Structure formats: C-alpha cells, structure tokens
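Novice: Read in our numbering, the sequence shown has 403 at position 201, and its numbers run on one by one without any break.
If you are wondering where the hints come from, they were derived from the structure by calculation, not from laboratory data.
There is no bait here: all hints are sound.
Within a straight-line C-alpha distance of at most 25 Å, the following computed SDA-like cross-link-like pairs (lysine to any residue) qualify:
no.	residue 1	residue 2
1	Lys258	Asp268
2	Lys600	Gly653
3	Lys873	Cys805
4	Lys258	Leu303
5	Lys600	Pro762
6	Lys411	Gly448
7	Lys800	Asn869
8	Lys528	Ala543
9	Lys258	Asp310
10	Lys258	Pro352
11	Lys254	Asp307
12	Lys800	Leu739
13	Lys878	Cys805
14	Lys878	Pro836
15	Lys491	His761
16	Lys600	Arg265
17	Lys254	Lys600
18	Lys457	Tyr417
19	Lys258	Ile309
20	Lys800	Leu731
21	Lys800	Gly693
22	Lys856	Gly872
23	Lys654	Leu750
24	Lys491	Met513
25	Lys873	Gly816
26	Lys491	Glu723
27	Lys254	Gly243
28	Lys600	Glu271
29	Lys800	Ala881
30	Lys411	Pro399
31	Lys800	Gln729
32	Lys457	Ala521
33	Lys878	Gly838
Quick caveat: nothing in here was measured; it's all calculated off a predicted structure.
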Amino acid sequence: MPDLKVLAAAVDRYYSDLGPFRPEPPRPADTVNWCRALRQGQVLFYGCHPVKVGLKEIDWSGRQLDQFEWPHQLNRFFWLTHLARSYREGGGEEPARLARLTIEDWIDQHDYRAASEPLPGDGWFNMSIRLGQSHFPGWWGNLPAFAGSPHFPADFVDRMLESTRGQAAGLAGHLTPLGNHRISELDSLLFLGLLLPGFEAYARLAVEKLNQDFYRQVEPDGSHLEHTPQYHDWMCVAFTRFWMLGRARPELGLKLDTGRVGLMWDYAVHAAAPDGGSFGLHDSFVWDKPSGEGPAAWQPAATPPPASRVMEQRTAFLAAAGLAGKPGWDLDRRPVRYFPAAGQCFFRTGWDRRATGLVFDATRWGRGHMHLSRLGLSLYAGDRMLLYDPGIFSYHMKDPFASYGRSTISHNTVNLAGFNQSDADCEVRRCCLGRGAAVFSAAYEGGYYPGKYTWFFDDGKGSGLYGAHLRTVIWVDGRFILVCDHLRSDGRGQPYASHWQFPAGPVRLDPAGRRAWTLGEDNLMLQVLDSMDELELSLHEGEREPLLGWLPDQRLEAHPAPLLAVSGRAGHPAVFWSTLLLPFRGGSPPDFRLERFKSYGECGFGFRFDWPDGRRDIVALTPRLERAINLVEPLGPLDTDASVAVLSFRPDRKSWRAFLMDGTRLNFEGKPVLEKEKAGVYTAVFRG
Numbered sequence: 203m204p205d206l207k208v209l210a211a212a213v214d215r216y217y218s219d220l221g222p223f224r225p226e227p228p229r230p231a232d233t234v235n236w237c238r239a240l241r242q243g244q245v246l247f248y249g250c251h252p253v254k255v256g257l258k259e260i261d262w263s264g265r266q267l268d269q270f271e272w273p274h275q276l277n278r279f280f281w282l283t284h285l286a287r288s289y290r291e292g293g294g295e296e297p298a299r300l301a302r303l304t305i306e307d308w309i310d311q312h313d314y315r316a317a318s319e320p321l322p323g324d325g326w327f328n329m330s331i332r333l334g335q336s337h338f339p340g341w342w343g344n345l346p347a348f349a350g351s352p353h354f355p356a357d358f359v360d361r362m363l364e365s366t367r368g369q370a371a372g373l374a375g376h377l378t379p380l381g382n383h384r385i386s387e388l389d390s391l392l393f394l395g396l397l398l399p400g401f402e403a404y405a406r407l408a409v410e411k412l413n414q415d416f417y418r419q420v421e422p423d424g425s426h427l428e429h430t431p432q433y434h435d436w437m438c439v440a441f442t443r444f445w446m447l448g449r450a451r452p453e454l455g456l457k458l459d460t461g462r463v464g465l466m467w468d469y470a471v472h473a474a475a476p477d478g479g480s481f482g483l484h485d486s487f488v489w490d491k492p493s494g495e496g497p498a499a500w501q502p503a504a505t506p507p508p509a510s511r512v513m514e515q516r517t518a519f520l521a522a523a524g525l526a527g528k529p530g531w532d533l534d535r536r537p538v539r540y541f542p543a544a545g546q547c548f549f550r551t552g553w554d555r556r557a558t559g560l561v562f563d564a565t566r567w568g569r570g571h572m573h574l575s576r577l578g579l580s581l582y583a584g585d586r587m588l589l590y591d592p593g594i595f596s597y598h599m600k601d602p603f604a605s606y607g608r609s610t611i612s613h614n615t616v617n618l619a620g621f622n623q624s625d626a627d628c629e630v631r632r633c634c635l636g637r638g639a640a641v642f643s644a645a646y647e648g649g650y651y652p653g654k655y656t657w658f659f660d661d662g663k664g665s666g667l668y669g670a671h672l673r674t675v676i677w678v679d680g681r682f683i684l685v686c687d688h689l690r691s692d693g694r695g696q697p698y699a700s701h702w703q704f705p706a707g708p709v710r711l712d713p714a715g716r717r718a719w720t721l722g723e724d725n726l727m728l729q730v731l732d733s734m735d736e737l738e739l740s741l742h743e744g745e746r747e748p749l750l751g752w753l754p755d756q757r758l759e760a761h762p763a764p765l766l767a768v769s770g771r772a773g774h775p776a777v778f779w780s781t782l783l784l785p786f787r788g789g790s791p792p793d794f795r796l797e798r799f800k801s802y803g804e805c806g807f808g809f810r811f812d813w814p815d816g817r818r819d820i821v822a823l824t825p826r827l828e829r830a831i832n833l834v835e836p837l838g839p840l841d842t843d844a845s846v847a848v849l850s851f852r853p854d855r856k857s858w859r860a861f862l863m864d865g866t867r868l869n870f871e872g873k874p875v876l877e878k879e880k881a882g883v884y885t886a887v888f889r890g
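Using the sequences and the accompanying hints, generate a full structural model.
Specialist: Shown next, in the form of structure tokens:
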C-alpha cells in the first residue's frame, strides 16, 4: 500500500506547485449541508437537491432519479472533499466513516480489471473526477486527510489502490477524442502518475498528450475550442495549472505556449460580465446575483467570483509568466475585443462592476455545448443583466426546458416562423473596434427549421425555410447601441420576429411608440426606430404552448420572465429594421428627440439623437454596409462616401468626435471636416 504520510507529502507538493491556482477550499456552508445529507443517506444532486441513496448497497447506476446527469454526479464522489474538510477540522470519526462506507460500497460493486466499457451509470470522464486531478481532489487527493483514522486501515487502502489500477488502465485505454472530457482525463492520469507508486507511466502518457492537445484545443486567440465561456474557464485554469507544474518540474516535459495561456486569461476576463458573473453564452450558467447555492458547488467552472477575482488570477499568471507590463497585455487599451476563432465580440466601457457590457454571439460551432443562438446579444449595465442569454436549463433532454434553452426563440436574435437556426457557422462581415464607436456585423445564412434541438437534431431538422439574417451593431461609447437587422426570405408573408429576453420583473410596453422598458434601478429601453414592414410588439411571460418567456435560476429551476417579441410578416424578399438599446438609470426612459434621415431608394439612412443632457449623436449607415451613404445624394447634414458614420457632440456642440468606416471623406452641414486619400476606418476629434 502507499505510505499515507508519503502520499500526504506528495499531494501537498503537487498542490503547492500550482501556486495561486491551487483549488480553493469548499464553502463552509456547503460542507455543513453535505455532511448533514450524508448522515441521512442522501447525496446532494447539483449540490442542492437531496436524493436518498443509503449508505450500503447503493444503486450506483442512478435509478433513484430519472435524470440524465444524476448517475454521473453520483459516481463522481463530490462529497469526499467536504468529508475530508470536516474531519480535518475536528468533526470526529463520523466523516471518515461516511467516506469509507461510500468508497467501499462502490468498490464492492465495480470491477474494472477486465472491463472494456464503463459499468452502468459510470463513465471514463467520471473516473477522472472520482480518482482525483488538479481541480477535484477525489479519492487520492482527499485520502491523506483520513490518515490515522481506524476507518482507513492498510488493507482498505490496498483495495482502493487495486481498484484504481483497473480504473486507470481503462481510462488510459479509452480517452475521449476531444474536448474538456479529454483534458480532465489526462489531468487525472497526470495526477495519479505523480502521486502513486507504479503509476508513473500514466504521467508520461498524460504529458505527451497534453502537449499535443494544448495546440488542438486552445485556439490562436486563446479561446477553448468548445467556445462556451463556462467550460473555457475550467480549461483556462487547468492549462494554467499544467503550465505551473511544468515550471516547477521541468523534468516532466510539459511544453505549453506561455503567450497562448495568457490569451486564455484575456478571453476569460472579456467573456465575464462586469460583475464577474456569467453572460450565459451557450452551456454556461445564466447570470444571477451570487447566492452561494446551486450548481456552482459541483460544476468544474465554479460560481463566478467577484470581478476582481478573475482579474487577480489573470494578474497572477502574467506575473508568474513574466508578461506583466509587456506590450499587448494592458486590458485598458482594449476594452472592446473580438475573438475571431470563437466568433464572439465583447464590448465594455471599463473594468469596474458597474461598467456596461455587450456580447455579440457570432460563435463558430463548438460541438455539443452550443445553442442555436447565432447573432444573439446580451447586455449588462449598472448592476444587473438587462438582456439575458438563458444559458443552460438542463442536460436532461426529456425536460422540455432543456431544448427550449438551446432553441433560437429563447435567445436575443431573429427567428423565421418560430423555427430554429441550424448548426451552420456565421460569417463575420465587418469588425471595426474603436474606443468611442465600434461596428460589428455578421451574417447567418443557414436557414430555419422546425426540428427540435437537444444535443443534436435527434429527429432531423425537418422541412425548413430559406432565411438569411445579417445583424449590424453600432456601439456608441456604451451610452447606446444601434442594432440593424436585415432578413432575406422568400418574401411571401412568412412570420418573423426579433426576440429580447428581459430580466424577471415588471416591464412597461408602449405599442404606439414601438418601445418597451424595464422597471427598476438600472434599466433598458428598447425602441424600434425604423422598419420596412409593420411590426407588432408583444410581451410573453411564462407561456407553455409553446414555451416562451422563461429563465433558469442558480438551481436550474425555470421561472417566468418577460420576453419582448418584435414581429412582422415578410412582405418583401429582403426586409430591414433598426432598434435602439438604451441603458438608463431610474424609473423613466430619457426623453430624447429623434430625427430620421433617408436617401433615395433607402441607399442610406440615419438618426439624430438629441439627449436631455445636451449631447447630440448622429449615426448613419447603409442597410448591408455595401454602399456609400451618399451613393445617390447626401444624407441629411452628412455627405460621406463611408458605409458607417458616427458623429458625437458634447453639450457645448463645439467639441465632437467623428468616426468613419470604409470612407475617405466627410462633409458636415456643407463643410469639409475629414478627407483621406484611401478608404479606411478613421476617427477624428474636434475641439472648439
């Protein structure tokens, strides 16, 4: 058997080598809840839902609950970390007894010495968590806590070791080909190889594969290939830990590109909401104010920490890697950032928790954790999320909310006939990111289909409709966002709608003004500024047939929340409309003056906004960003060959800024203000 004192020293050295990235201890309240539940023969599903399993002859196949994820959670032994903590902190022999009972019962029912596939309820990925790794201590990371307990005599530790031999051999022979499961499995083999005598070959195998997989799973822009922030965060910390191990133990031969690990941290901080919470992209958790409950207790990507925590971890890595202060690593110089391999653009006004943040989801398909949410938007401002991506409702696909949360209609994008998008990628058309104004435009051209989407289109996509959606976002200082949608279809009256998921709570609807706004301290007003077709605004909350207007909470339970549908019928093969997103504070939206400009044949259009504080903004563009604004004639006070122009005036109207995209010149009110030889993206500041 392994000497537990030697094992304890090896475990301590292993976690010490991870430096500031060693796993954080469990929350005390979680430990109390877990220990109480286990004494009653219960396991906490998702860390919060008690399920009666007993302490002997447990049904490890998971038939206690008809839920896809339950048997996996049951076989991962998340409770050991809590029992180990309780034992170390003077909880008596009861935590050790409970740990022994559950481990022994599992070993009694599982023999992996000759198994060619996982036993009922189990999986190779489960093993990587159960046995231990850098993120989950598992059997072997927690065992030293019980050294000296009569419940862990030498003969029982030998049984654990023998069981582990069979499990590790099966795991090494059946590595998942790709994704976070594979990295978790290699993490576990490396962990076991560094801790247990006779397992050294697994460490060598893990190092070889991790060196290969780093460059296949981590994109050149730092995003993880599954393009889901919640899973990226786990992989970011995992690869950072491997990097730390490689630095502490160069003899291992771990060779991970330092700069690319740093880019993983860049993505992590940009993909987090300003308060450190989740934007809910794809299979990430929905944003919520942290309550200390729910799935965070078990998910590899733990509860979103305070915004400063993500920054602290990034800062710690940059310092360890010698990148701090080097060119290219100053976040303040790039508050708006596009990650092209992920296909996601993150806008923000700054790095404090009350900053405004916007996500444009033009995600490249990242396999099973993707949602059908192309060209969706999420918006955070003040102190809360104002436009929600629902994130994950459930992995149990018998639950209708599981497929609803993955559907197109549950996201802040356009649908045709209430159908789903396909799994086709978007094409990013333009990306011009300035500090004051920024333009991002992308197209989805994969059609719309009635098929139900879970992990796949299990029964096929069905007979679909031709549809192509182009969305352009113009971000102006984070003060407001102009969203321009262009939809191509057969133009035979097919219904289409742009959906906007508001937070739970009261919403005011003004159909005549084609606007709606939330009611609270920090709010959003959404207003349709212009459209080709007649558009109808309607609110949907907690509807069942079909599901519409729902958000999950931290316990993954569905609750009604108002969803605004802006609906029309396609009277032309191509239709477009423009929507204003205006964050504001207080009970009523700002009373601003709006003037619209249009040129002949809709070649160019624009808006002038006069705000209550005296500011003025003029935004002009062409429908698909393919023409010059002045192709036929000047547009209102503007004469420019650009495809986008943004003019922002301070209250004195003497100081202002001009932004041009794909243009050479700008005349304003008959006076030349900007002229260049080559078409490009230009910003000019004028001070009176």
